[in-house]
Amino acid sequence: MNFALNDEHILLRDTAQAFLRKEVELQPLLVPGATVRDAGYDRLWPKLVELGWPALVVPEEYGGLGMSMVDLALIMKECGRFLAASPLFGTLAGSWALMAAGSEAQKQTWLPVIAEGGATFALAVANRDGSYEAPARAMSATARADGAVVLDGTSGFVVDAPVANRFVVAAKHERRDRFFLVDRQAAGVTIEPLAWRDPTRHVAHLHLQAVPGEALEVGVEESWPWIRDRLSLVLAAESAGGLQAVLDDTVEYAKERVAFGRPIGTYQSIKHALADMLAQSECAGTAMLYAAWALSDSPTEASVAAAMAQSYASDAYREATHRSIQIFGAIGFTWEMQNHLYYKRARCNAELLGSPAAHRERMLCLLEEREAEKAATLAALRQRCAP
Amino acid sequence: MDFSLPAEDDPRRLEIREWLASHPERSYRDLYERGYTVPHWPRPWGLDADPEQQIIVDDELARAGVRAPHHRNPVPINNCGQSLLRFGTPAQQQRFLPPALACEEIWCMLFSEPSAGSDVGALRTTAIRQGEHYVVRGQKMWTSLADKADIGVLVARTDPNVPKHAGLSQFLVDMKSPGITIRPIIDMTGEESEYNEVFFDDVIVPADRLLGQEGDGWKICMQQLQTERVALSRPGVIWGSGPSARELLDGLIVSGRLADPALRDEAARLYIEGEILRLLAFRSLSDRMNARTAGPEGAVRKMVAAPHGQRVLDLAKRSQGVAGMVKDRNVLPISKAERGPYSNWDHAYWWSPAVTLGVGTQEILKNVVAERILGLPRDKDPTRHTPWSQLSSGVSGSPNEVGERT
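Protein chains in written order, with the numbering used here: chain G, 1 to 387; chain C, 1 to 406.
None of these hints come from the bench; they were simulated from the model.
For clarity, every value in this text was computed on a predicted model and none was experimentally measured.
Be careful, since some hints might not be right.
Only pairs whose alpha carbons sit at most 27 angstroms apart, straight line, appear in this in silico BS3-like list of lysine-lysine [to be verified]:
| hint | chain 1 | residue 1 | chain 2 | residue 2 |
| --- | --- | --- | --- | --- |
| 1 | G | Lys374 | C | Lys317 |
| 2 | G | Lys47 | G | Lys107 |
| 3 | G | Lys255 | G | Lys22 |
| 4 | G | Lys107 | G | Lys172 |
| 5 | G | Lys344 | G | Lys255 |
| 6 | C | Lys380 | G | Lys255 |
Excised from the complex, chain C in its bound form (with noise of 0.2 angstroms):
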């Protein structure tokens, strides 16, 4: 057991130093065939990094002031992209991951609907084969990016006449095919809007871009949600991005708040629970790394630290006071240091709602904690292994009113 980080001479540093220095002009490409995009994946992909090699990697180009490939294209980076690795054909993987990798398409998540948020597999987007091609129809909603995108993950159903999740499958859709159209949602920070409607009307995807066969869209699924959980461990308090309790405490010690009684031993008990969580995702990223499956235990990152990142974020702005209600980039002092959105404290505050409802509500993840690894007794979900199509609210549009998880 060694907690130690890799010194700052550390010859691998030097050699990453070194090139970004010798290419100022590098582009996503150019990380992506560097092997700096996704260094744990194998090669060609990435090159077979461990997880010192990962940490050094994201480490020199943050230093260097580069967004992060990960922020600039998460979904390919994070959750999907490895999906092709088991799933995908050699075709698949040839055409969508190098201009996923190099950044050049931007992807999306289609899984969430307007009544289908936790309990994802109740989704009612169909996708029916006919012939050479499926036939897309339905709603999608929370999705981010997808007006950036290019292509979209989908999760839809392709046969109603099995239980729910065994129905399901996925797909790798242009998002600028006829018949999609995206809306945003405005979130209540009224900032940028992050989040976006997006309906499917007839919307045609050739059968070549199913992944995997018909039925697995559920499995593939669960493994890209888990990874999702693992890369959105990070310290930093949304979801991974913006600022961490080590930034509150300096914040806190440079604008002098900190020797206030009332806030202080608070600040400590964020700040430890900050550093422990810290030290959690260097282990999930040695699991990772390992290229172990990613298992439930990623849940259990973030469920400690969703909740953290929203005390964090409430301690910062309850040292403003007053002051703090005025829309305002400054509430703490914070350094220019790229850790992708949500980078200023005002903004984190008020977006710090959503961490607890995103990927899974705290209250999925909790069950999935205690049913998965505890082992504790599953609740039923009395639409579980009745047939999609004789469920009323399956086939009637209406809205869904067992509202069980799965």
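Looking at chain G on its own, in the form it has when it is part of the complex (with noise of 0.2 angstroms):
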């Protein structure tokens, strides 16, 4: 038991902290008319790469780093600060569908060019309705006659996909769901870009016309919430980040601004929407970083502590950008300041995967069985004890 950080953790999040300061421009976007394709992703990426961040999460026997997950969050914590743009989301989740999913083959094949840089995956698991639910999959993959198996359909708001030359899909395939590796250049790929509302992120649906894919060997229904729950810390954790990068901008902006002789920040109505902004910035950091802890370290908690955290974090986090609007006043809703950039991306993340009350709705759940196994264990127990 030990509740902080220890010296190899804040040498990792400083590196990476200074790092992201010096490369992240944000500039670019705050230009009217500036899109994602303005928000620096072909720069920022070879430089990762160098860095090795692409190999993060890979396990060592397959070439990558084999960090934990708290060394992860730590990390996209920073990204999430300084709102830096590039396929990191889309290959974390491509490496996870790989581990959790793929044969030994095709994790011999993958996760080492993954952790050299020499791949960018996107994770094609939503429906066009944005719901992840097998029902709804407009995604099927099928037989021809030669044997070979080829996917025809569409999925929802895959990230990074039009960056990334590989993809993981989840498609409907005989009697269980499976994912499939496919080839950005394969004939019948078309990526349809949306005018996503957070410009630091690459979204689009994919539709696929009679495409080649690579059945990984796990089911869909076995691999998704394994790779989902690691999913979700990522997005916690940048909503962590995001939330105390929100807070320092607004308390250095309180602290000069001046009206009535004063500046805003001695006024009590700033001052406690800023203490309360504090408050929820601890509690996001703080849930976020025992939620990587449990993905490492404890499994039976991780589903619940994923939960709770992308769906604090990133609630807390919607609050504290439109509060820090309106802090900041009309000049806060300006496309010329950053504050439009963090309001975005905090409710692009809190919706990605699913709501923050759908994680809630399946944190309760985990709750309600684990509660009915006690009951049943306990009645169980009485029926074998009684005399």
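Make one complex out of these two single chains by using the hints.
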């Protein structure tokens, strides 16, 4: 038991922070008319590869760094703080899909490539209506006469699809849904970029028409929860970092901006709002680190912890970004200020893997199951020990 | 970083369990002499325990159904006792700490006054030095345990000719002294009264009861209140005592009420907040154990915990509908675990308006957090730098019209 970061964690965090502070530039996005093409995906990614970030979660036996989820969370928090734009989210998603569902040969083939930065991935698992439920899945895989499997249909809201060179796609297949590896260059692949409101993230629908796919070994139903919990942590960490940035920025502004002869931070209405924001920032950071720890070290707690972190952090981030614009006043509502970038990231992060309420509902179901198991165990015990 | 808690069969647990089992007749003095009362304090008072050991001791005492020493005698154990380690003379430590930690002398805190609540620095009770003793005159309010206490930690004004915070001093007063009158304050729950008014009519306090130097009073108070904030931020919804959000959820599941969609998401949010508070409490426990001086971070936790507790109790009550409006000790199922006062939902609910008032109102806490942690500009207290005797409210005894916080 030790609730503090150790020296290595602190070094890792500070190094990531110093790097991103130097490398990430939001200025091009603050020009009216700017889009995700101005976010710097292409510029940042080779540098992240140099730092070895694509290798962070890849196990050592596949040429990766095999770092803990706490290490990853600290780095993702810094990415969130600076709104770093890169295909890291999609590539992490692809790595985890391969780790959870790939055969040994598939892992041997792809994970070392990912680790050395030789491939960027995107995970297509959501439906076009934004849901993750299998019945609404509009992507299906069928075997052709020659035995090859081809995919047809649409996946929705695929993060990093426009910049990925490989996809992992969930599709209906015979009796159970499976993940399939798909090459970006294959004929029949159409990417429909979305006017996604967060200009620091590429998001697209993916349309496939008779595109060959290589099935991963484990079914979607068995592997998706494990992947989803990890992606929830990534979003929660980004949100916790973004929230911290918004807090710092707004506090600085409240100290400098003068109204009625005093800095506005002197007024209690402003002070109290910022005190609340600080408290939520502490809570979000703590929930997120706990989830990171649980994902590495306490599998029975992992799903509950990840759902708690994602729902809390994204709600807190949404609230803080709203409050921040209010405290800045009308200037905070303009395109040239960075407030809206965080405001948009907060809202988009909150919806990407299902709403905060949906995460809470999943958490409750897990807790109810646990309670029912306890009750059942108790009943069984009573029966066995009855005179 | 490691969030796992000590295992059920941890040898340190077994040792305590064994001792408790072989001493069924143990007294609070036995617990103290064994080091279980303040395990995190330095020896000889405690065990120099790390956070893990502290949690183990707390857990095992609770498991054995022992009412925690910090519930029985909270003032010296949670707040004021450690001030004696820093400011007390060896003679004061020897005289006061052993009976306090053995729960043989109960303490109370004599801070708030009728016109000095949030602005404690504006208190008016005076302690005037006369030869080998001080003469105390004034009125204290909102004093928990005053009626049961042997020792009162008193803050009084010893020098009216300096600004308000500079003229305060702290004393350890015999509560049975002639001239002390105690009256209960009946609070809105109408149940057994928690708070008292305490009147001092020329009470003689020997000079060797002064803690630290004259004028140290404010500094010592601030440390004690911050320590209290840490101590009060355990996940029980009434200042760390009482039922928790986990018990709310368990109760709603067992009673079948969680199926109500109107309650469901709210219950989930409260559960999450409760879990986060539990993690934050462990973090602050680490700080406290690592012998760091309590900082304002404690205020952040209390700031979240107090309204959280009110919302937990509110949902517990609303889950009952109209039936919850009857005085009833069993609104939701609750385990029999020892959790100090307010251990039934109904009493805790009607008590809950107090949790954003006691130990600094929610508004003051937010000011403290904004100013001391975020570094926002301090709001001016026009009375802060003026000698106390030159403030009209200070000398006249009329209600303090300034009403500014410190």
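Structure-based check of each hint:
no.: 1; hint: G:Lys374 / C:Lys317; verdict: 26 angstroms, holds
no.: 2; hint: G:Lys47 / G:Lys107; verdict: 25 angstroms, holds
no.: 3; hint: G:Lys255 / G:Lys22; verdict: 25 angstroms, holds
no.: 4; hint: G:Lys107 / G:Lys172; verdict: 22 angstroms, holds
no.: 5; hint: G:Lys344 / G:Lys255; verdict: 25 angstroms, holds
no.: 6; hint: C:Lys380 / G:Lys255; verdict: 15 angstroms, holds
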